[in-house]
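Number of protein chains: 2
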Amino acid sequence: MRKVAIVGVGMTKFGEEWSRGYRDMLIEAGSRALADCNLHGEEIDAIYVGTMAPGSLVGQEHTGALVADFMGLTPVPATRVEAACASGGAALRTGYLAVASGAHDCVVVGGVEKMTDTPGNEVASALGGAGDQEWELFMGASFPAIYALMARRHMLEHGTTEEQMAQVAVKNHSNASKNKFAHFQNEITIETVMKSKYISSPLKLFDCSPITDGAAAVVLMPLEKAKRYSQMPIEILASAQASDALALHSRESLTSLRATQVAAKKAYEMAGLKPADIDVAEVHDCFTIAEIMAIEDLGFFEKGKGGKAVEEGKTAIGGEIAVNTSGGLKGCGHPVGATGVKQAVEVVWQLRGQAEGRQVNGAKIGLTHNVGGSGATAVVHIMKRAD
Amino acid sequence: MRKVAIVGVGMTKFGEEWSRGYRDMLIEAGSRALADCNLHGEEIDAIYVGTMAPGSLVGQEHTGALVADFMGLTPVPATRVEAACASGGAALRTGYLAVASGAHDCVVVGGVEKMTDTPGNEVASALGGAGDQEWELFMGASFPAIYALMARRHMLEHGTTEEQMAQVAVKNHSNASKNKFAHFQNEITIETVMKSKYISSPLKLFDCSPITDGAAAVVLMPLEKAKRYSQMPIEILASAQASDALALHSRESLTSLRATQVAAKKAYEMAGLKPADIDVAEVHDCFTIAEIMAIEDLGFFEKGKGGKAVEEGKTAIGGEIAVNTSGGLKGCGHPVGATGVKQAVEVVWQLRGQAEGRQVNGAKIGLTHNVGGSGATAVVHIMKRAD
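So the protein sequences, as listed, match chains P and G.
With this note's numbering applied, the first sequence corresponds to residues 1 to 387, in that order.
With this note's numbering applied, the second sequence corresponds to residues 1 to 387, in that order.
Hints in this document: simulated from the structure, not taken from any laboratory.
Some hints here could point you the wrong way.
Note: identical chains are not told apart, hence a pair may lie in one copy or across any two.
Simulated crosslink set (DSS-like; lysine-lysine; CA at most 30 angstroms straight-line) [to be verified]:
| id | residue 1 | residue 2 |
| --- | --- | --- |
| 1 | LYS195 | LYS266 |
| 2 | LYS3 | LYS265 |
| 3 | LYS225 | LYS266 |
| 4 | LYS225 | LYS308 |
| 5 | LYS274 | LYS195 |
| 6 | LYS3 | LYS225 |
Pulled out of the complex, with its shape left as it was, chain P reads as follows (with noise of 0.2 angstroms):
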C-alpha cells in the first residue's frame, strides 16, 4: 500500500444555515479545500462524499455524482458512501483505500449534510435509521434515549457525574468560541448545562449536540507528490474501521463501544504509536456521555476515568491530552456527514499549526473517531505532518 497525505481542507460554516442548500454548501467546501493546496480540477481522479440522509432530508440520493457535476467535475468517479454519522470518517477511509491502492492519485473526500429547513420530522426519523430501525426507532428509542441509557448505566458503574458531563459541554463551547467555523460561538457555564431541560434523564439539552448544516473537504494524494501540492502535508498513518450490532440490547456492554476499542486497537498497530503518543484528538461526542465514554475506549484514560479526567480538565486545549478542540459536535455543530471529514480538517490545521486561537502547542500526532449511529461503526484515523 501506498502512503497517503491530505495536502488540502477546507469547510463551510456551520450552523443553522437557513439560505444555504446542500449543492452550495459541499461545492464552498470543495473548493476551499482545493484552492488550499492549489489545485486545479482536471488533476482530479475520483470523489467520495459522506452523507447519512439526503434522500429523506432533501429528497436527493446520487450526491456523488450531484457533486461532480455542481463543481464541473464530471467525468471523474464520484460515489457516496454511508455509515450513519460516521459517513464522513468513512468517506475518508475509502477514499484512502483508492490511493494506497494505486487506482488514483489525486481524491477528494467530502462530507455534507442538510438538516434544517425539512417539510416535516424528517430529521428524528432520518437519524433513527442510524440504529436498528425495526428493533429500537419503532419502539420509541430515539437516540437521546440510547444514549441515555448508556449514559445512566457509566453512572452507575463508574460513578461518572452529572456534572461531569456538563463539563465536556463547557470544555467544547470554550473550544467552538475560538474557531470561527463552529455553530456556537458562545462559552457556557456548568449551570448552564445543570439548569438545562431533560431531554431524556439523564441527558439535557445542553448534553445533546445540535442539528446542524454545513459540508467539510480534504484533498488525498500519495505523500511521495504530496509535497507539490502543500508545504506541510499531513500523512495517513493508519484508517481502521469496525462494526458492532446496531441495537444496543445486542452488545455486550452499555458502557463502552466495542467497535471503537476494535477500530483504535488496529489503528494504534497500523500506526506502530500508543495512545499516549496522541497530541490532539477529534472524538465522536454526539452526547457529552459519547465524549467520555471516547476518551476510555480509545485509550487515553482508563475505563470510569473518563468523567473525571474532564472535571479535571486533562481533556481541555494545555491538559494531557487535547480533545475536541474544533468544538466537537456538541460546540462545532453535527451536520452528520459532515462530521467524520471535519474532524480530521480539524487536526490537519492543528498538525499545520494554524488552529487560531485554539492551537495546541507542538501538537506533532492527532486522531479522528467518528461514531455511526450508537456504536454500530466506528472510524479511526491516525495522522502526523509528514517530515
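Knowing the structure of chain P, use the given hints to seat chain G on it.
Coordinates of chain G only, in the frame set by chain P:
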C-alpha cells in the same frame, strides 16, 4: 495494485417478495456467496453493501453495519456505497479497490433493495432521487419520462423503431425464462410489448424494468489466494467508473451516455481488450432504449446501429455478443442496489459454464455495465476466467 478475483457468488430469487424483508434477503444472498466458496465468517476482512434508498424505502440507513450485525460478522468493517441504480457496481468497485490496495484479503460485496411493501408513494420519489431532484423530479420528470426523451431522440437521429425496442424486451424475457432467479419467468412476444399501454410515449409498460425485491453478493480475494477457495476463480481485469451531469438537460447528447463511454474506454484500456473481445455482457436496461444505447456506447455496435443489431438477433444467446443473459433489468428484475452485483453474479456463472439453459458456449470474457439515474454514473467491469 494486486490482481483481484471473484471466488464466490450468490443471489436471492428476484421478484415481488411480499413476505421477505431487506435483512433476510441480504443474508440469504451473502450466505450463498460464502457457501459457494466454502468460506467461514472469520476470514472476512470487510463488507461493502450497494443499496440506493433504504432510508426512504424501509426507514433504515447504516445498512453496512446492519449486514455485519445480522450475518453475525461484527466487528468486521462494513460500509454502504450508493450511486443510485449503480450502487451495486460502485460497491463492487469499492470492494475491488480495498482488495487491490492490499488493505483487505477477503471482501464481501452485497447489493440489495426492498422495493415492494412500502406504505405510500416512496418508490417513485426515491427513484426520482437518482436524477436531479430540483431540476427534474420536482418539475414532474420521472424516470420513464426522461428515458422517453432519449428514446424519441434516438428514433429521430438514428431511425430506431418501437419494434426494435420491443425486441430487447422479448429477448430479455426469453433469457429470464431460463433463469430460475429471475423476476419474470415467462416469454413474451413483440405483440405483447406493442400492445401494452404507454407509460411515457414511446415507452410502453413492457419497455420498462419492474419494481423488484432482491439481493446478490460476491466474495473477492487477491488472485493469488483465489485458487484455494474456488476451482474457477474469475479475475477482475478492469474496474472503471465515470460521472456525468445528473440532469438530462445538462448533457451534450440525448442518445449517448458519456459516463458509459468514458468508463468503458478506461476499462478496455485497463484490461488490454477491445469490445469485440467480449463474449457476454450484462448491461443496464432499465428501459429497452437504455440497452440499445448501452450496446452502442460500450462499442459493441456503431452509434445508431444498436436497434438494428437487436432486431437481427446479434445480441441474443448464440449471436455476436450475448447481452443480458440473466434477463437483464427488464426480465430478471431491478432491485436497484442489487442490480450491479447481480450482473457480476451472472457473468461469473457464464464464465464458469454454470448458466444452465442460458449458457453462452465458450464464454471467456465478460463485461458488466451498471448505470446510476439517467446516466450520471456508469460503472464497467471486465472479467475473465483465471487460467
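Hint-by-hint comparison with the structure:
1. Taking CA atoms no more than 30 angstroms apart as the test, LYS195 paired with LYS266 passes in neither setting, with 40 angstroms inside one copy and 61 angstroms between copies.
2. Within a single copy, LYS3 and LYS265 get their C-alpha atoms as close as 20 angstroms, and across copies as close as 28 angstroms, so both meet the 30 angstroms cut-off.
3. Both within a single protomer and between protomers do LYS225 and LYS266 lie at most 30 angstroms apart by alpha-carbon distance, with minima of 26 angstroms and 23 angstroms respectively.
4. For the homomeric pair LYS225 and LYS308, neither the shortest alpha-carbon distance inside one copy (44 angstroms) nor that between copies (49 angstroms) is at most 30 angstroms.
5. Taking the shortest Cα distances, LYS274 and LYS195 never come within 30 angstroms of each other, neither inside one copy (39 angstroms) nor across copies (70 angstroms).
6. For the homomeric pair LYS3 and LYS225, the shortest alpha-carbon distances inside one copy (10 angstroms) and between copies (24 angstroms) are both at most 30 angstroms.
The structure does not agree with the numbered hints 1, 4, 5 stated previously, though it agrees with the rest.
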